[in-house]
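Student: Once you've looked at the hints, dock chain E against the given chain F.
Chains as they are written, first to last, in my numbering: chain F, 1 to 167; chain E, 1 to 178.
In short, the hints are calculated from the structure, not lab data.
Heads up, a few of these hints could be off.
A short, non-exhaustive set of chain F residues, derived as facing chain E with CB atoms under 7 Å [what the hints assert, rightly or not]:
1) His62
2) Thr66
3) Gly67
4) Gln82
From the three backbone atoms N, C-alpha and C, an ideal C-beta is built for every residue, glycine too.
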Amino acid sequence: MANEHNLTPDVDGFEDVTSALMETVNSYPGLSVGEKFKFTTIEPGAGLSIFASSGSYILEDHESITGHVWQQCLYPFMVVYQVSGLSQKRKMLLKEWMDTFGRWLTRQPVKIGENTAVLEEWPKLTEGRVIRNITRQTPAYLGSINEDKSETWVMNLQIQYRNEFDR
Amino acid sequence: MVERRYLAHFLSVDFNINKAAGTNDDGQTYVRIGSYLEQYQEELNPQVDVRQNILGEQYVVHNGYQVQSNAEPFYIDIDATGRDKALSDRLQEIANDRLNGDKCKTFRVDALFEVVTEGSTVTIQSLWAYREECVLVPQSVGGDTSGVQIPFQVLNTGNRKKGTMTWTMDVGGKFTLD
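So here's chain F without its partners, still in its complex pose (with noise of 0.2 Å):
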């Protein structure tokens, strides 16, 4: 698999950062009864997405003296979602939400209602692989208008994760 980078990919890393992220994102407590992030899918009328855009790849290598192999890991992602119809008031409430949600993923306090939410961990993976954080890249932006006049809302974050075992 090849990406922007022209780095190596994390194939196994890949399925396991998507597995959690996808767990962890619908555990969102600003979601809306039956509300759910589905995994890119980009349609009109979708709403809440993640795009993983360019897979999972691996920015450095490292191995000890003993053959202990520790790699650290980057996966990219973006929260997409797709409305239409939405009034300049409706507009503004979508950015604030969306940037609302990029806050409480990356583990910073949010108010949603009354009440103060912090994901209190990272998503949990498997195998010798850990999530060291989860950065925004962007705060939340219209990403581009589609032919029926629906609009798609991004933010761009990435997975800092370190991968670890023995050869």
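Tutor: Quick look at chain E alone, frame taken from chain F:
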């Protein structure tokens, strides 16, 4: 070329060089170090003085070695089943209680292993192994955001002996004097 992982470095976590020998080994509890070390070496630091006599001839005075190693980084391990737990505990004790002298004294073993295949049986045997008394000196406590570190120096103090080393993940290292 020999893969680097076959040269292994062990430290006794007993910190008791007078501990009675076992039936089949020297009785020390050895742990292998280096899980996060991308390089580690015995720095021999040879004490060499090159001089010239009145005849214009060059001669060398070689007084021996001041051997030491630096283990940096060393991430402390507090997981009860972690491979670096025993050494981490001792290093924290030395650093926190500012211990010195014989309380920091232990054995190091450096051994080169080879893979031996006999029929369908594959074993790892030491080609050579040397044990020497040493002093462990923690250098700092803390480090960057990658994890809590206590890097340390290993300073050899002599009494070097040749022997045989065995090592497995579950049993650990066992050293037997020749």
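Student: Grab the minimum C-beta distance from Thr66(F) to chain E and call the hint holds if it beats 7 Å, violated otherwise.
Tutor: Interface hint status for Thr66(F): holds (4 Å vs cutoff 7 Å).
Student: Given Gly67(F) as an interface hint, is its Cβ closer than 7 Å to any Cβ of chain E?
Tutor: It holds, given that the least Cβ distance between Gly67(F) and chain E is near 4 Å, below 7 Å.
Student: Closer than 7 Å between Cβ atoms is the bar; does His62(F) clear it against chain E? Give me holds or violated.
Tutor: holds (6 Å)
Student: Does the nearest C-beta of chain E fall within a distance shorter than 7 Å of the C-beta of Gln82(F)?
Tutor: violated (37 Å)
Comparing the model with each earlier hint shows a violation of hint 4 alone; every other hint is respected.
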